[in-house]
Amino acid sequence: MSGRVGIEEKGDCLVEPVPAGGGLDVITKNELLLGPGLRVVAEETLKALGISVGVRLTDFGALDYVIAARIEAALRAEDASASPITLPVDREASDRHRPRRSRLYAPGNRPRLLTGIEVHGADCVLLDLEDSVPPSEKLSARILVKHLLAATRFEGEVWVRINPLDVCGSEDVREILIGRPHGVCLPKAESADDIERLARLLTERETELGLPSGSTWIMPILETAKGILHAEEIAGADPRIVALAFGAEDYTRDVGALRSLRSLLFARSAIVAAAAAAGVQASDTVFSDIEDDEGLAEECVAARELGFDGKGSINPRQLPTIHAAFSPSPEELEQAHRVVAAAREAEAAGSGAVALDGKMIDRPVLERARQMIRYADLLRAGGGSDA
Amino acid sequence: MRNAAGREIPERIGSRDVRPFAGAFATTNEGGKAQRPQKVAPRQEEKVLPSIEAAIEASGLTDGGTISFHHCFRDGDRVINQVLDACARRGLKDLRMFATALFPTHKPVIDHVKNGVVSRIEGSMNGPVGAFVSQGGKLAEPAVLRSHGGRWRAIEAGDVEIDLAIIAAPQADPYGNATGTRGKTPCGPIMFSAVDAQYAKRTVVVTNDLQPYPVYPMEIQQGWTDWVVEMDEIGDPNNIVSGTLQLTRSPTNLRIARLTADAVVASPYFKEGFSFQGGAGGISLAATKYLGDEMERAGIVGSFGMGGGTKMLVGLLHKGLIRAILDGQAFDLDAVASIREDEAHVTIDPGLYANYDSRGCATYMLDTAFLGATEVDLDFNVNVNTHSDGRLLHGIGGHQDVAAGAAMTMITIPALRGRMPMIMDRVTTVTTPGEVIDVVVTERGIAVNPKRDDLKERFLDAGLPVRTLEEIKTEVERLVRPLGKPVFGDEVVAVIEWRDGTVIDVVRTVEGWA
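Protein chains in written order, with our numbering: chain A, 1 to 387; chain B, 1001 to 1514.
Among the hints, erroneous ones may be present.
To be verified - Here are the simulated DSS-like pairs of lysine-lysine, each with C-alpha atoms no more than 27 Å apart in a straight line:
{"hint": "1", "chain 1": "A", "residue 1": "LYS29", "chain 2": "B", "residue 2": "LYS1485"}
{"hint": "2", "chain 1": "B", "residue 1": "LYS1107", "chain 2": "B", "residue 2": "LYS1033"}
{"hint": "3", "chain 1": "B", "residue 1": "LYS1271", "chain 2": "A", "residue 2": "LYS47"}
{"hint": "4", "chain 1": "A", "residue 1": "LYS29", "chain 2": "B", "residue 2": "LYS1107"}
{"hint": "5", "chain 1": "A", "residue 1": "LYS29", "chain 2": "B", "residue 2": "LYS1271"}
{"hint": "6", "chain 1": "B", "residue 1": "LYS1456", "chain 2": "B", "residue 2": "LYS1271"}
{"hint": "7", "chain 1": "B", "residue 1": "LYS1485", "chain 2": "A", "residue 2": "LYS10"}
{"hint": "8", "chain 1": "A", "residue 1": "LYS29", "chain 2": "A", "residue 2": "LYS226"}
{"hint": "9", "chain 1": "B", "residue 1": "LYS1289", "chain 2": "B", "residue 2": "LYS1319"}
{"hint": "10", "chain 1": "B", "residue 1": "LYS1138", "chain 2": "B", "residue 2": "LYS1093"}
Hints are computed from structural coordinates only; laboratory data are not their basis.
Kindly generate the complete structure, drawing on both the sequences and the hints.
Next comes the structure, spelled out in structure tokens:
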């Protein structure tokens, strides 16, 4: 059992190191069709690692990135001194103000659920190394996520939720930064100090890898009583922060609350206010019943009313509902355009006061209308998909 | 010679002079109809025979004869194996098996090929029999695959003469009327056999539920039936739901289904009176569900949905979202029950459904259809018959008939299955030519046939992810090293007929790998 990596399920493969001189043993359901490609990937990976041991690979339909990751994980579990494989990554930095209506979670140890996660049109895909990964799989999961990051083109943003820094978050950062995610989510953030420590780690690793310093965003997840009470200092702790996220499951446990719109009102409002004060976005917690579309829609409406910009999602099926709720509706957009047009007319007429339908338009209302139009333009420009 | 689908095919295959595929609607078949030997029955003739052997004997079936069956019990069929065993016991040799389709349960057919009882197979082969035939050297003549409509046409036109038609009927009367929707083990309509019953030299109804005259609805009529045989077991209706008919839970497949429904909504066809057919796969079922939701939201009532009937389609009928279901076969037991109970769930035979040689078939009235596939190529050609390793593993079903008939034909297919890219430079086998395919929907985007720029515009306006097949192909090929490629030999193991009786492609033996 020692050194065996992978899960016996579709899209994955099992890799076991065998004694030196054991060669490469590939087992696949369709040797003629799949065998040659599997061997090429395995051999390239072994060469990149520079370790001469044998490997037995049992394939269940894994893509190249999975095979490479599983081999790397199996061999590094045997030989802790082996250095990580570095990979070429072609990824543009993202705009800090881009729409983040959805952050779609995927478990970082499950190729079956990771492969194809980029096709669903999520504004942010969030590859998870924390709660969905058991302690024994932390190493193989972060290696898998690294290879996925390097192999995959994302239309939106791709983030990694690392483990808290005093668990194994710093190892996570060292590994996954090779794959150049747009940002890193820090779970259970409780103080400005947590953020500053993460920012230092990121800077250090960015420098080592030759990446522009400060190019990796941070999204703290506030999901404890302490975190909520320190929302303001957290939000302002570092310019890498582009959004605050809320985690209701841990928060309710921490404070002893039952989950309801009412019981979470304080925490949600605290996050929205702190985010707004720091000029960053706020992203609401996940809704965990994937069968309940109506419940999801209700919670999205409530979150948007409170001032959230987006919401977490545990299944791609939830994305259309979430995107619809956090996008300006056609009616809202039309009203925004009317407000802006009225302001333009007033300006042309040299009048200081702007009126529409017999009502005065205040400055904040005008500013909000302009913001909404800019946001809608961003969405149309491909900052987010309709699907 | 090279046919109009760009495939290299022999001019002669076995004893057949090949008419090459010339285009989806290019062939004019002007021949008349085949004749059945006339028989004038006396009043109240006793048609019940004691056993299947007695019926085979009475039919005068001889070595080299053709024996036909339907597939309406799908993988639950118990008749074909029993009848072939009886043929073997009678010492018959070199029979031509002419079932509409064979399933994994018909694996014993392989033994009957080996022992010489069967030497030719025409019809769909799903699973082991197809894999066996693919090896080559097994049959006296290459197998022939036809669509539902194509099979009906071939019998009517006299391309295939049936000596003995065996029709499994969940309920029948002693004078030869039979139905598939009633009885102890209803499997859904059995009108796939209506053409066999009308053109075979001899027609035998076998039933496990013989009831007093009259049994109805008379899907198989007394005027066509020579004899009736009672059997203990004809099939297990629980197996008419095959593995491909479960609603999918895979996020990738649901994504494809969602895009499919969104594309239909964005198309010019989505309006009052709209009609559609979903195939049998998990993606199609989910797309049907999503489409129903959209129709409800938009307040649109469709004119008809076309089966294989499914629970999903029946649900739309019961909600009043479609006015009728036109149905040739049942894909689950909800559909069977609905055929019995709902007047608007109309049973149609494959001639009405899909026949090329007709004054108009039902698929020609379809606005849109979404169908599955094994592979698609850059010319929009579709393969549903062979796997990428060259083995023959599936029948055509109604694929050609529906694709040619619908105003907007959509192929739903994952761009990647495991390690295998499904968009190829050239499909392994052309089942359905690109000229009748309008849209290909994958999880990575929607590709529109260049001749349908009108659709492309509408999809783009609706914010749908429109991409070219080349783009999608390149994207998935970055994720996997190229596959091994089968090198094909010269021996033709199966002929793929286009629905008009021409040859659109052939399946050859695999000789090696590159």
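Results for each hint:
{"no.": "1", "hint": "A:LYS29 x B:LYS1485", "result": "holds, 16 Å"}
{"no.": "2", "hint": "B:LYS1107 x B:LYS1033", "result": "violated, 34 Å"}
{"no.": "3", "hint": "B:LYS1271 x A:LYS47", "result": "violated, 59 Å"}
{"no.": "4", "hint": "A:LYS29 x B:LYS1107", "result": "holds, 21 Å"}
{"no.": "5", "hint": "A:LYS29 x B:LYS1271", "result": "violated, 47 Å"}
{"no.": "6", "hint": "B:LYS1456 x B:LYS1271", "result": "holds, 18 Å"}
{"no.": "7", "hint": "B:LYS1485 x A:LYS10", "result": "holds, 23 Å"}
{"no.": "8", "hint": "A:LYS29 x A:LYS226", "result": "violated, 52 Å"}
{"no.": "9", "hint": "B:LYS1289 x B:LYS1319", "result": "holds, 12 Å"}
{"no.": "10", "hint": "B:LYS1138 x B:LYS1093", "result": "holds, 14 Å"}
Comparing the model with each numbered hint stated earlier shows that hints 2, 3, 5, 8 do not hold.
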